[in-house]
Amino acid sequence: MLYHSFLIKYSEIGTKGKNRYVFEDALVHDIRRKLKRAEGSFRVTRERGRIYVSSKSEDYDPDSLIEALRHVFGIIGICPMVQFENDGNIESLKREVLSYWGELYRGKKKSFKVYTRRADKSFPLSSPEIDAELGHEILDAFPESSVDVHNPEVRLHVEIRQFINLYSEIIPGPGGMPLGTNGKAMLLLSGGIDSPAAGYMIAKRGALIEACYFHAPPYTSERAKQKVTDLAEKLSRYAGPVALHIVNFTEIQLAIYEKCPHDELTILMRRYMMRIAERIAEKRDCIGLITGESIGQVASQTMQSLVCTNEVCRLPVYRPLIAFDKQEIVDIAERIGTYETSIEPYEDCCTIFVARHPVTKPVPEKIRSSEERLLPEIEAMTDKAVEEAELILCR
Numbered sequence: 264m265l266y267h268s269f270l271i272k273y274s275e276i277g278t279k280g281k282n283r284y285v286f287e288d289a290l291v292h293d294i295r296r297k298l299k300r301a302e303g304s305f306r307v308t309r310e311r312g313r314i315y316v317s318s319k320s321e322d323y324d325p326d327s328l329i330e331a332l333r334h335v336f337g338i339i340g341i342c343p344m345v346q347f348e349n350d351g352n353i354e355s356l357k358r359e360v361l362s363y364w365g366e367l368y369r370g371k372k373k374s375f376k377v378y379t380r381r382a383d384k385s386f387p388l389s390s391p392e393i394d395a396e397l398g399h400e401i402l403d404a405f406p407e408s409s410v411d412v413h414n415p416e417v418r419l420h421v422e423i424r425q426f427i428n429l430y431s432e433i434i435p436g437p438g439g440m441p442l443g444t445n446g447k448a449m450l451l452l453s454g455g456i457d458s459p460a461a462g463y464m465i466a467k468r469g470a471l472i473e474a475c476y477f478h479a480p481p482y483t484s485e486r487a488k489q490k491v492t493d494l495a496e497k498l499s500r501y502a503g504p505v506a507l508h509i510v511n512f513t514e515i516q517l518a519i520y521e522k523c524p525h526d527e528l529t530i531l532m533r534r535y536m537m538r539i540a541e542r543i544a545e546k547r548d549c550i551g552l553i554t555g556e557s558i559g560q561v562a563s564q565t566m567q568s569l570v571c572t573n574e575v576c577r578l579p580v581y582r583p584l585i586a587f588d589k590q591e592i593v594d595i596a597e598r599i600g601t602y603e604t605s606i607e608p609y610e611d612c613c614t615i616f617v618a619r620h621p622v623t624k625p626v627p628e629k630i631r632s633s634e635e636r637l638l639p640e641i642e643a644m645t646d647k648a649v650e651e652a653e654l655i656l657c658r
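Following this note's numbering, the numbering of the sequence shown begins with 264 at its first residue and continues without gaps.
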């Protein structure tokens, strides 16, 4: 069956009370924007508690439509459906249901259950009565079918509203909250597996995302920079356009390498990355930082190291992967399509200057003392890195 109408299901938005229209508006806006990638022309409409997408013509690609909708945060289900006029007549409803069932399941030994939702209370029968009437009609017309009220193979949904919606398939969406309903945050994006997954998870909660990448030419190649740009583009399929700030970090890294204890290199570089990312974030009206850190994964992510990192930040730092193990993070990266790019063999600036035996329990007072060796030159270097950051818009 070639469907021309799709019911869009959401969950959390329905709990927003009087503010629900704000979240519905944001969801409709993102649906329309994402549908520009699909092949065809579409109409997005809304009534209370329901959002519909319909094709304006016969000439469209349903697969590209569904693929676009599966990248819209806030959607929990995409339901290909048949929609027809509600004339208040049970016999008309029976005819439509039999036509629908015959086209999809004729000759198939499917167990089923009918689920009726009667939003239009003027319809003459109650929901249980409609369930029973339609179930009997299907069994009489298609004796190969059977009823299973506990674990049916087919759940036939009948929604009686201004129009009547019939559907039996729910394609999962990504869930979460619509983009733009929870402010904007700056993601520290490396070429690894973790940070794109972290950006995805915060965007899923409705935050807009910008990203900051620390480049160290000639120690890191242009291909490493392109790898991060590719990751930002993949992330943008879910998060919308991502403004990627490329920061030249070479001068700062070399200064730290030359003047500070080598076992503290990683934590010192991390502190200056956070400082720079925060300054760019404030210029771009971001209200938080995002990192892909997970407790104990590497030396710079022990709890003691995170205390030292947090010390230099005024903005809140969001770490959605903080308690995840590596395989859980890999699973997210594979699901969102960033994993294969992340494992490409191009080094980032952190791995180039990593110490052989990095400190795992840094003491903040000692770290601050080491940073004093960099003064006053480091302040000018930091200003330069912020002011000269390259901006790339990734779509």
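Honestly, the hints are just simulated from the structure, not real lab data. Computed from a predicted model, the values in this text were never measured in an experiment. Cβ coordinates follow ideal geometry from the N, Cα and C atoms, glycine included. One or more of the hints may lead you astray.
[To be verified] Label-pair restraints from in silico Cβ distances: (1) Val-570 x Ser-390: 54 to 62 Å; (2) Ser-484 x Arg-333: 30 to 38 Å; (3) Lys-279 x Lys-546: 26 to 34 Å; (4) Lys-589 x Glu-366: 43 to 51 Å.
[Unchecked claim] When the alpha-carbon atoms are kept at most 25 Å apart in a straight line, the in silico PhoX-like pairs for lysine-lysine are as follows: (5) Lys-357 x Lys-373; (6) Lys-299 x Lys-281; (7) Lys-447 x Lys-373.
Each hint tested on the structure:
The hint said 54 to 62 Å for the Cβ distance between Val-570 and Ser-390, and at roughly 57 Å that hint holds. For Ser-484 and Arg-333, the Cβ-Cβ distance of about 34 Å falls inside the hinted range of 30 to 38 Å, so the restraint holds. Take Lys-279 and Lys-546: their Cβ atoms lie about 31 Å apart, and the range 26 to 34 Å holds. Taking the beta carbon of each, Lys-589 and Glu-366 are about 47 Å apart, inside 43 to 51 Å as hinted.
Simply put, Lys-357 and Lys-373 have alpha-carbon atoms about 19 Å apart, close enough for the 25 Å limit, and the pair holds. For the suggested pair Lys-299 and Lys-281, the alpha carbons sit about 30 Å apart, so the restraint of at most 25 Å is broken. A hinted pair counts as satisfied when its Cα atoms are at most 25 Å apart, and Lys-447 with Lys-373 does not qualify at roughly 48 Å.
Checked against the numbered hints listed earlier, the structure breaks hints 6 and 7; every other hint is satisfied.
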